[in-house]
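Enquirer: Based on the hints, put chains L and R in the right spot on chain E.
Those protein sequences? They're chains E, L and R, same order as listed.
Here the first sequence is numbered in our numbering, starting from 1 and rising by one per residue.
Here the second sequence is numbered in our numbering, starting from 1 and rising by one per residue.
Here the third sequence is numbered in our numbering, starting from 1 and rising by one per residue.
Each computed DSBU-like pair below joins lysine-lysine, with the alpha-carbon atoms no more than 30 Å apart: (1) K311/L to K51/E; (2) K14/E to K177/L; (3) K177/L to K273/L.
What follows is a list of derived Cβ distance ranges for each label pair: (4) D69/E to K36/L: 30 to 36 Å; (5) P96/E to E32/L: 49 to 55 Å; (6) D27/L to S77/R: 31 to 37 Å; (7) T22/L to V80/E: 45 to 51 Å; (8) L57/R to Y20/E: 44 to 50 Å; (9) P97/E to S77/R: 52 to 58 Å; (10) P97/E to R3/L: 45 to 51 Å; (11) G32/R to K36/L: 29 to 35 Å.
In case anyone wonders, no lab produced these hints; they're calculated from the structure.
Idealized CB from N, CA, C, for every residue including glycine.
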Amino acid sequence: MFMTKTVLKNLLTKYATRLYPFQKIETFKDVKGELKIEMEKCILCGVCQMKCPSQCITVDKKDKSWEVDPFACVYCGICVEACPVKCLFQERLYRPPVDVKQIVRHVQEAKPEQS
Amino acid sequence: MARTVLPFGPQHPVLPEPLHLTLTVDDEIVKEAIPKLGYVHRGLEKLAEIRDHTQMIQIVERVCGICSFLHALCYCQGIESLMKVDVPPRAKFLRVVWAELHRIHSHLLWLGLFADAFGFESLFMQCWRIRERVMDLQEATAGNRVIISVNVVGGVKRDIDKEMEKWILESLEKVVKEVNQLRTTILDDYTVKQRTVGIGVLSKEKAYELGAAGPTLRGSGIAQDLRQTGYAAYSELDFTPVVETDGDSYARTVCRFNEVLQAADLIKQAFSKMPEGEISVKPKGFPSGEVVSRVEQPRGEVLYYIKATGKKFLDRLRIRTPTFANIPPLLDMLPGCDLADVPVLILTIDPCISCTER
Amino acid sequence: MKQSVVVLEAASAIESNSINIISETKKLKDGGYRLVTMSSADLGESIDLLYHFDQDLDLVNVRVNVPKGNKTPSITSVYPCAVLVENEIKEHFGVEFDGLPLDFAGMLYLDEEVQKTPFCKIGVNRVETQKQEAK
Chain E
1 MFMTKTVLKN LLTKYATRLY PFQKIETFKD VKGELKIEME KCILCGVCQM KCPSQCITVD
61 KKDKSWEVDP FACVYCGICV EACPVKCLFQ ERLYRPPVDV KQIVRHVQEA KPEQS
Chain L
1 MARTVLPFGP QHPVLPEPLH LTLTVDDEIV KEAIPKLGYV HRGLEKLAEI RDHTQMIQIV
61 ERVCGICSFL HALCYCQGIE SLMKVDVPPR AKFLRVVWAE LHRIHSHLLW LGLFADAFGF
121 ESLFMQCWRI RERVMDLQEA TAGNRVIISV NVVGGVKRDI DKEMEKWILE SLEKVVKEVN
181 QLRTTILDDY TVKQRTVGIG VLSKEKAYEL GAAGPTLRGS GIAQDLRQTG YAAYSELDFT
241 PVVETDGDSY ARTVCRFNEV LQAADLIKQA FSKMPEGEIS VKPKGFPSGE VVSRVEQPRG
301 EVLYYIKATG KKFLDRLRIR TPTFANIPPL LDMLPGCDLA DVPVLILTID PCISCTER
Chain R
1 MKQSVVVLEA ASAIESNSIN IISETKKLKD GGYRLVTMSS ADLGESIDLL YHFDQDLDLV
61 NVRVNVPKGN KTPSITSVYP CAVLVENEIK EHFGVEFDGL PLDFAGMLYL DEEVQKTPFC
121 KIGVNRVETQ KQEAK
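Isolated chain E (complex conformation) (with noise of 0.2 Å):
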């Protein structure tokens, strides 16, 4: 009998907690996610794999590729301030989960002979 009044009460006001995943709160600005580079402006010289402290970055000047591995980056921000041209810039998410394991690449297009 005592609880009858608990138990309404507790149907009828709404949820002390957020209800995820269909309500997310929005992180804050210059947070450090997910890292993604602007592959156009990117010159190859190789400075952000020097500096990084876990070696998850690999460039490869004759392939003209840039290769991160996102699970071995621990998201610091280090080869964001070292890129000479600024191409590196981090997201304001974190990456989602993802149940395989996987690199992530990226190829500079060859750019077209001027006449």
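Expert: Using the frame of chain E, we list chains L and R on its own:
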């Protein structure tokens, strides 16, 4: 009265990190305890020989997640004094702000785990809910919730503008108000007192002789806190260490609770006195020499010994963390207590085993 | 000096050797100092041991040079809390301490499979020291 040997295993619901104790028990009273470490040894000190001294900041931060900013601060202070770099005053005050935010979040985490150790789960949830406000502050100012890498040799990487400052001070008011609401539940509750008063007494002489550090030392009556030496703008702030005299688990709890309120006050003072200016200085060259650097972490004093010879890589990096110094007092407190009190006693020294084993 | 960062210049550490270390530590203990920790570094032919003592936030350092393969007395008779640090240095650098009350025989952090002391540039064989303990 037979003696039994019980393993207090590496996996235990109460311990945040794995620690093994072999307890010799005589009818539920503990007679002897022998520790066994090595479950999280990663050999991070050896990495100093193959990573240069600026990459080592990232590695040193990851020794422990809860006190990570203070590890980087200690390391940067040592390298800066070897390279004779003068940190600008605004960077020193910003470092104080982040260090005290770390202290608040570490002590709130500990209060939650401590309540969980004697089964008080709703208090555990409330403490961690208050801690979420502090994690939001860290995420907004530095970019990450747990391992905030904002230290560089010569200053800090990010600045805090006036709007952010106002928001930080408002959030801190709410944190202090909510922590004060929990005061009667944590400190004046009959059940909590039955489990903590008079249990695990560490006398003043023993605490000093066995080399205890942090609230384990200050809960036994010795007023020693490394922030009194005045590193990184503490010399310009009004600060006295928090001391309790009883030496039992209750005294250490009161000590940590009061340090949370003191840390919020220190942040307010730092913001009111912060000067304008640049936030970092670019150093040149490589360090050379030997230096011993100490900083007050939430758990005690941490000591860094850095030896460099002017080359790109360091010669030797040695870290001694406060939990390593608090294990001999723990082994002294355990004989004579009940078997059911062992988890509570281990938590009163605030064990951070990944710091201990690096 | 009451500073949190102390640069060890050439003459600021007290020099001592393996024979006098116990009497030096007894003098410091009677003076009210407490042991903070011990550090060690590899100097090629010998191991450099540094003892750090503290009183009221003043730091005092004592330096001892131990050639590789020699024994040095343990200070656990003066400061019982040194037992963990000495075990760690024994495991990582291969320094033998005389009179350790609680000896982990090189198993504190590392496994049996690790054959050579990890921190020395030219590693000392750990398997031999373990066999000597077993005898």
